[in-house]
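Q: Sequence:
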Amino acid sequence: MSGFLGPAEWEAVALSLRVALTATAFSLPLGIVVAYILARKRFFGHGLLNGLVHLPLILPPVVTGYLLLISFGPQAPLGSLLEAMGLGVAFRWTGAALAAAIMAFPLMVRAIRLSLEAVDPKLEETASTLGASRLRVFTTITLPLMAPGILTGTVLAFAKAMGEFGATITFVSNIPGQTRTVPSAIYAFLQVPGGEGAAWRLVVVSVVVAMGALLVSEIMARRVGKRIGRQDA
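All residue numbers for the sequence shown refer to full-length UniProt numbering, where the first residue is 1 and numbers rise by one.
Hint data in this document are derived by calculation from the structure and do not stem from the laboratory. Since this is a predicted model, take the numbers as computed values, not measurements. Where is the CB? At the ideal position from N, CA and C, for every residue including glycine. Don't take each hint at face value.
[Claimed, not checked] Label-pair ranges, simulated between beta-carbon atoms:
1) 220 <-> 190: 18 to 26 Å
2) 207 <-> 57: 18 to 26 Å
3) 192 <-> 25: 31 to 39 Å
4) 25 <-> 120: 27 to 35 Å
5) 129 <-> 178: 27 to 35 Å
6) 4 <-> 131: 52 to 60 Å
7) 222 <-> 131: 32 to 40 Å
8) 33 <-> 10: 53 to 61 Å
[To be verified] In the EDC-like style, the derived pairs of lysine to aspartate or glutamate whose C-alpha atoms are separated by at most 16 Å in a straight line are:
9) 41 <-> 124
10) 122 <-> 11
11) 41 <-> 117
12) 122 <-> 196
Could you put the whole structure together from the sequences, leaning on the hints where they help?
A: Right under this line is the structure:
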């Protein structure tokens, strides 16, 4: 790939992978918890929580980026506090990861929730009546059965994080080597004469990475499904 891409292009790809992996890894535990709450719990404010989780899918990405900027920017109370602690995220790659995680979170939660809702609650109830604790029921029954949804949600979140542009460029700008991810780099290359070739190469890389991730997810989901089927038999 290093021969196919120039230094600036490779830098954007490496940063995008770093941002996407970080966003996905930090989103996954929370995504499982939120999906479980939405699928299995009923409480006052359930609809509000569901709406807040899916809000980034409806809002224009630029709006999400602006809300992040006024919340975590250097002049915002929370942003200035984080800056004082050395944890500032505005105009840094960590901010790009935060923006990508927020934009990808609804896709992850939805995939996991749909998988969880397909799990028969009677299996969990039977295990509970046999003396298994809630934690053991979740880790030995619920979690393995919802594994295909977790894999799907993880891949969808990763792909979305790799391609996030609007919220990212609004929140962390387009700084080479710092916040210029693949979508931002494509946009930048298209603004200069002769940059079409570099933009096209990054488009090819984006398609290959996305298709590769989907292929790996499909293979893993099928293997998990077969394993669960053998266990049920």
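Q: Take the C-beta atom of residue 222 and the C-beta atom of residue 131, compute their distance, and say whether it sits inside 32 to 40 Å.
A: Cβ of residue 222 to Cβ of residue 131: about 34 Å, so the range 32 to 40 Å holds.
Q: A range of 27 to 35 Å was offered for this pair. Does it hold for the Cβ distance of residue 25 and residue 120?
A: holds, 30 Å
Q: For residue 192 and residue 25, compare the CB-CB distance with the range 31 to 39 Å and indicate the outcome.
A: Since residue 192 and residue 25 have Cβ atoms about 34 Å apart, the given range 31 to 39 Å holds.
Q: Should the hint that residue 207 and residue 57 are 18 to 26 Å apart at their CB atoms be regarded as holding?
A: Between residue 207 and residue 57, where Cβ atoms are some 23 Å apart, the hint holds.
Q: Taking the CB of residue 4 and the CB of residue 131, does the distance hold inside 52 to 60 Å?
A: holds, 58 Å
Q: Verify the CB-CB distance for residue 129 and residue 178 against the hinted window 27 to 35 Å.
A: violated, 56 Å
Q: Take a look at whether the Cβ-Cβ distance between residue 220 and residue 190 falls inside 18 to 26 Å.
A: violated, 35 Å
Q: Does residue 122 pair with residue 11 here, judged by a C-alpha cut-off of 16 Å?
A: violated, 51 Å
Q: Does the beta carbon distance between residue 33 and residue 10 stay inside 53 to 61 Å, or does it fall outside?
A: For residue 33 and residue 10 the Cβ distance comes to about 36 Å; the hint is violated.
Q: Keeping to a limit of 16 Å between CA atoms, is the pair of residue 41 and residue 117 held or broken?
A: Since the Cα atoms of residue 41 and residue 117 sit roughly 11 Å apart, the hinted pair holds (cutoff 16 Å).
Q: Are the Cα positions of residue 41 and residue 124 separated by 16 Å at most?
A: Roughly 15 Å separates the two Cα atoms, so the pair holds.
Q: Residue 122 and residue 196 were given as a pair; does the straight-line alpha-carbon distance stay at or below 16 Å?
A: violated, 57 Å
Checked against the numbered hints above, the structure violates hints 1, 5, 8, 10 and 12; every other hint is satisfied.
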